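*Asks:* Respectively, the protein sequence lines represent chains R and B.
Under our numbering, the residue at position 145 of the first sequence is numbered 145, and the numbers go up by one with no gaps.
Under our numbering, the residue at position 19 of the second sequence is numbered 19, and the numbers go up by one with no gaps.
In short, the hints are calculated from the structure, not lab data.
Note that this is a predicted model, so its numbers are computed, not measured.
One or more of the hints may lead you astray.
Listed below are the simulated DMTMM-like cross-link pairs for lysine to aspartate or glutamate, each with C-alpha atoms no more than 25 Å apart in a straight line [claimed, not checked]:
#1 LYS49/B - GLU94/R
#2 LYS30/B - GLU74/R
#3 LYS47/B - GLU122/R
Now the stretches of chain R that chain B is said to cover, found in silico as 3 or more residues with beta-carbon under 8 Å [said to hold, decoys possible]:
#4 97–105
#5 109–120
Listing some non-contacts, in silico: residues in chain B with all C-beta distances to chain R over 12 Å [claimed, not checked]:
#6 GLU83
#7 ASN200
#8 LEU259
Beta carbons are placed, not taken as given, at the ideal position from N, Cα and C, and that holds for glycine.
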Amino acid sequence: MTSQSPLAIEATGLVKVFGETRAVDGVDLAVRSGSVYGVLGPNGAGKTTAIRMLATLLRPDAGSARVLGHDIVEEADAVRSAVTLTGQLASVDEDLTGRENLILVGRLLGLKRARAKNRSTELLEAFGLAEAATKLVKNYSGGMRRRLDIAASIVVTPRLMFLDEPTTGLDPRSRNQVWDIIRMLVAGETTILLCTQYLEEADQLADGIAVIDHGKVIAEGTPGQLKASVGAGALHVRLLDPHQRPEAERLLTRDLGSAFLEPDPAALSVQCADADRGAEAIAGLTRAGVKIADFSLGQPSLDEVFLALTGHPAETEPSLETDAIEEEQPA
Amino acid sequence: MNMTTPDAATLGADEEAVRKAISSTARPPKASPLSAALSFGWRGMLKVKHVPEQLLDVTITPVMFVLMFTYLFGGAIAGSTGEYLRYILPGILVMSVLFTTVYSGVALNTDLTKGVVDRFRSLPIWRPAPLVGSLIGDSVRYLIAGTVIIVLGLALGYRSDGGVGGVLAALGLVVVFAFGLSWVFTTIGLVMRSPNAVMNAGFMGIFPVTFLSNAFVDPETLPAGLEAFVNANPISILVDAARGLMEGNPSVGDIGIVLATAAILTLVFAPLTTRLYQRA
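In isolation and in its complexed conformation, chain R is listed as follows (with noise of 0.2 Å):
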């Protein structure tokens, strides 16, 4: 059966127990066809349950879903001819070349040989991986893997694409190459669910961001309002001398605001929005003998966003519509 409904997903009180841990517990999901749809959350969080109930590995102890107008449990295969899936632990053969990967997948999903031939040059070549071809895959990097391991989710076009961490352990450039390659298939037809523990990475690409923490959802919205709730920016400092925290915890909270104290013993952050005043801030600092070791005005890190989310009692879930400030997004 075929829908026409505009949602790509939409998952009802899903819920997934292990043993006594609930991975997942009661998480409603709607996202719009077309759009990239990221799941933030650290690790453990029940992401990736999530994500492998709606691609039909695992079934939901409770709740329901609907992928692509598709019931999960009872109409599995229809969803399976629609979506495909790159796991957290890259979704390819080790034991096999590049290119054997691929014809077997074209093969898997009906391509005839020679297409699934001729499909495994293009892709190889698109994703710049031509030259390792015929090697194999377990002496590939992680980077190469993983552009891999998105060919073989696209040897047929998917109008579902799961992307569980797809940058987790990658260096800069490898993870900035596979962050245009999912913008590009976003700019095709194809609605994308992005898995991801880093706030970074769902600005970058995401449309709507649903917030998951102990298999709850705990708060949803644009990456604007997200970063509006904890403030647009922060200031990052780390210390010479962990004894001299107190000291600048002091002065960053009378100077800008409440400072969060990081994990690391010597490190600090406070939000911050202004640059000028962030200047300043450091300024004061140094006035008052506490050595800096570096300082950075960015992004609020993911702890500071469920800090933002968790931390105050009276708001058990923050109202991001209200106070919405749309923001910019960087190119």
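Chain R is already provided as a structure; the job is to place chain B on it using the hints.
*Replies:* Relative to chain R, chain B alone:
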């Protein structure tokens, strides 16, 4: 915060090619069950090609067995190595091929620790295809293991009364039985935690069952209780059937039991393995 957008050159290809590659494919009709299974069989063959060490287990162990048993025990058990070779060659053929089936479970368990299984399971293919395909691929390895034994036996002076046809039929029968038995090990491969655990559990089962058969000694020399067990052991029946074919006096009854056992094992354990695989 500003991200620098990398130029297309970092992709190692021009953007146009990527765009074209992304946009170009219409969805073909689904692969048939047979074609999907054969594609997985092809994958198995490619692995043998890329990791030929895999074949060492399959070839070296049987060679050791033939040499050890023939020359170590031959004189003591049968009076001469030649006589004993004639008795045990069908038995060693069975043992070598059946030992190889354990590796099917080990390989499946190893596969599960890799991300590629997620891709297979999220493809719109006939559900048992990855398993059936792997076992078709593995059957080629069983065939190689069996052929090594027979060639070595011939080199050591084994002569068959059943002729080429009888020997090939025995080999075929053993491989068919192995295909059925390997479903048991794929099931074990899906419930155990590690490839090593599968290997240990597999051999803990197959080792005694193979030795407590008529593969190496005449059951009449055994204590009564053991003799009864050995005679009822399906492996003994398989060895008898293979021996019959190789000696030129095939027993239709034995062959029938062997084929039926293989069919039952497949009918019980293939659906079980498929279900477990889908949920793993």
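*Asks:* Does each hint hold? Answer for all of them.
*Replies:* Against the structure, the hints come out as follows:
Of the supplied pair hints, the one linking LYS49/B and GLU94/R holds, its CA atoms being roughly 14 Å apart against a limit of 25 Å. Proposed proximity of LYS30/B and GLU74/R is supported: the alpha carbons are some 19 Å apart, at most 25 Å. For a cut-off of 25 Å, the pair hint linking LYS47/B to GLU122/R stands: about 24 Å separates their Cα positions. Judged by the Cβ-Cβ criterion of 8 Å, the segment 97–105 of chain R is covered by chain B as claimed, because 4 of its residues qualify and three suffice.
Chain B is given as covering the segment 109–120 of chain R, and this holds because 6 residues of the stretch bring a CB closer than 8 Å to a CB of that chain, at least three being needed. At roughly 44 Å from the closest C-beta of chain R, the C-beta of GLU83/B stays outside 12 Å, upholding its exclusion from the interface. Every beta carbon of chain R lies more than 12 Å from that of ASN200/B, the smallest distance being close to 23 Å; the non-interface claim holds. Chain R leaves LEU259/B outside its interface by the beta-carbon criterion, the shortest separation being 31 Å against a cut-off of 12 Å.
When held up to the earlier numbered hints, the structure conflicts with none and fits them all.
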